[in-house]
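Participant: What follows is each chain in one-letter form.
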Amino acid sequence: MLYREAGDFKTSYREDGQSFPIRFDRIAVQVTLAVALLVVPFVINDYWANAVALPFLIYAIAAIGLNILVGFCGQVSLGTGGFMAVGAYATYKLMTAFPEVSIIIHVLLAGGITAGVGVLFGLPSLRIKGFYLAVATLAAQFFLVWLFNRVPWFYNHSASGQISAPERTVLGQAVTGPNAEAWVTYLFCLLFLIFAAVVARNLTRGTMGRSWMGIRDMDIAAEIIGVNPLAAKLSAFAVSSFFIGIAGALFFAVYLGAVEVGEAFGINKSFLVLFMIIIGGLGRIAGSLMGAAFLVLLPVLLKNVLVGGLGWPTDLAAHLEFMIVGGLIVTFLVAEPHGLAQLWRVGKEKLRLWPFPH
Amino acid sequence: MSLAEQIVTDQPAEGWVTADGRQIGPVMMEMRNITLRFGGVEAIKDISFDIRQGEIRAIIGPNGAGKSSMLNVISGFYNPQEGEVWFHGQRRPRMRPYEVARQGVARTFQNIALFEGMTVLDNVMTGRLNHMKAGVFRQALWFGRAEREEIENREKVERIIDFLEIQSIRKTPVARLPYGLKKRVELARALAAEPKLLLLDEPMAGMNVEEKEDMSRFILDVNDEFGTTIALIEHDMGVVMDLSDRVVVMDYGRKIGDGTPDEVRSNQDVIDAYLGVAHD
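If you read the protein sequences in the order shown, they are chains A and B. Its first residue numbered 25, the first sequence is counted upward by one per residue in my numbering. Its first residue numbered 12, the second sequence is counted upward by one per residue in my numbering.
Worth flagging that the hints you see were computed from the coordinates, not collected in a lab. What you were told as hints is all true, and nothing was included just to trick you.
Cut-off 20 Å, straight-line C-alpha distance, at most; resulting in silico cross-link-like pairs (SDA-like, lysine to any residue): (1) A:LYS117 to A:LEU132; (2) A:LYS34 to A:ARG229; (3) A:LYS34 to B:ARG165; (4) B:LYS223 to B:GLN121; (5) B:LYS182 to A:LEU377; (6) A:LYS153 to A:PHE295; (7) B:LYS193 to A:ASP243; (8) A:LYS327 to A:VAL76; (9) B:LYS182 to A:GLY371; (10) B:LYS144 to A:ASN226; (11) B:LYS193 to B:MET218; (12) A:LYS34 to B:ARG159; (13) B:LYS207 to B:PHE174; (14) B:LYS167 to A:THR35; (15) A:LYS153 to A:ILE244; (16) A:LYS327 to A:ALA75; (17) B:LYS144 to A:TYR37; (18) B:LYS182 to A:HIS362; (19) B:LYS167 to A:ASP40; (20) A:LYS372 to B:THR130; (21) A:LYS34 to B:ILE177; (22) B:LYS182 to A:ARG225; (23) B:LYS182 to A:PHE44; (24) A:LYS34 to B:SER179; (25) B:LYS207 to B:GLU110; (26) A:LYS34 to B:ARG170; (27) A:LYS153 to A:ALA262.
Being a predicted model, the structure only gives us computed values, none of them experimental.
Turn these sequences into a full structure, and let the hints guide you.
Facilitator: Put into structure tokens, the structure is as follows:
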């Protein structure tokens with residue numbers, strides 16, 4: 025009954041065009057943000073940061089990025105892992121080459137470099153569509169991983185072939201390296217996620233988003249109305265890769281600390297992020313967050329319930345976990361093929377009328 | 012000199028005033044000896060005609076006559092192998108469709124080509140694309156020009172939404188709309204671009220009488236209020252004869268008639284094409 029738009033009149037187009045037109049939603053988002061920014065940092069510990077918070081935040085950024093490309097612009101990509109690797113190796117090279125520059129700049133620059141690489145591998149999209157494009161982006165995935173494995177310059181000729189993040193500080197607090205505290209890494213990633221979500225939302229509700237969606241829904245009509253398909257597709261690749269690069273940079277520098285490219289950024293990553301946006305909802309920013317939450321939090325939750333709560337052996341729980349997660353994915357997709365975000369929206373529409381639907 | 016050419020050359024260059032008081036201006040777009048081939052098939056054979064400022068120009072003909080191909084040539088979707096397109100007194104070079112759109116040509120499609128995943132409002136706003144110039148960074152941060160433009164263009168779009176009487180569905184996803192409304196939304200999207208020349212490919216196809224009346228009214232109003240020049244393809248002869256100022260008739264890729272509805276109606280070639288000729 026609280027969830028109402030009745031009486032919430034919009035008297036200007038600015039008000040009508042805002043991201044959360046219903047007052048209750050706005051307050052809910054503000055409260056969530058306040059809790060995430062002001063309460064969680066004080067209570068978070070290493071376990072929660074490493075098992076739940078960091079993977080969720082980082083995958084959410086990657087999912088937002090991929091959603092722009094697949095969900096908004098309709099160009100299927102299986103190169104996410106490769107693009108994350110570009111972000112990771114770009115930060116690594118920047119961090120070691122310019123140690124005095126802030127890591128924030130490095131991460132953003134890594135995003136920019138990934139955007140460039142993304143545009144390059146996006147060029148085939150001008151000619152091919154759908155599954156064929158997906159296969160073409162697969163080439164990016166394998167080529168990039170191979171490149172970072174084979175060319176010693178990328179890992180500074182280290183004997184192990186790994187890259188590891190040196191300690192870097194922001195405002196005197198270590199965000200990378202072994203001395204980084206949980207709340208610092210959490211806040212660092214959270215701020216990047218907020219930045220990604222806001223920018224993605226702004227781009228998708230404006231001119232650029234409409235030209236992307238036009239290309240997705242009916243490319244011929246979009247071109248006839250004045251969308252330059254070249255510019256629209258490549259800008260989607262660029263923006264998408266920018267966020268995926270940032271996610272890769274954070275994944276390496278803040279979350280893992282040291283990576284071996286084949287292991288951390290293999291084809292599995294590409295599929296994982298793609299599943300996140302399919303389960304969460306294509307073409308919805310909120311869907312990216314929900315999908316990332318679903319695939320990151322659910323295994324942790326199940327493990328806690330099965331091992332911690334019921335006392336089952338770890339290996340049995342691990343196998344069951346796969347089966348339950350798989351089952352739930354199928355269930356959710358059967359219930360709502362358009363993802364969790366759509367389920368959420370339908371739920372809210374019903375809630376608007378509750379308890380008097382007629 | 013054939014009848015068709017005769018009529019074209021007889022018209023005064025500066026235009027004229029129609030019986031119902033509308034001003035027809037000078038030539039806006041001119042097709043000169045257009046020939047379009049698909050492999051060995053000649054879809055359009057050496058056709059010339061012009062479209063004048065402010066008029067409603069119809070292109071008619073039996074199925075497969077090449078009408079839609081002609082429209083696709085005008086909107087830049089096909090590039091003819093021979094012939095020239097002149098627009099506002101200048102020869103148009105080879106162009107991609109989006110470049111033609113930027114010159115002020117908008118169109119609707121025979122089979123509705125709306126963006127199904129977007130709301131009506133977003134669909135129509137897409138038509139304003141070429142009037143919005145904010146850069147990527149302003150858009151990303153939603154400040155200054157990006158926000159201002161969004162609101163200004165929203166106002167213009169709302170005027171078109173009012174005009175076409177689709178206020179109540181502005182936030183509805185297009186996929187949920189019935190056919191007749193989709194056609195109207197498509198017209199709204201084309202109008203939002205504020206085109207100088209509006210191309211309508213069978214705007215009444217598949218409509219019932221009432222919807223046809225509505226659509227005819229909108230077409231006349233668009234022409235009257237915005238002064239938009241309109242070129243349309245239509246099969247409903249009653250509609251064509253009522254709406255249009257001049258008619259081009261095509262058959263098997265050739266132009267067989269050109270002139271006012273009355274002239275075309277009495278043209279023997281046209282009658283033959285539509286009714287068939289007895290072969291003796």
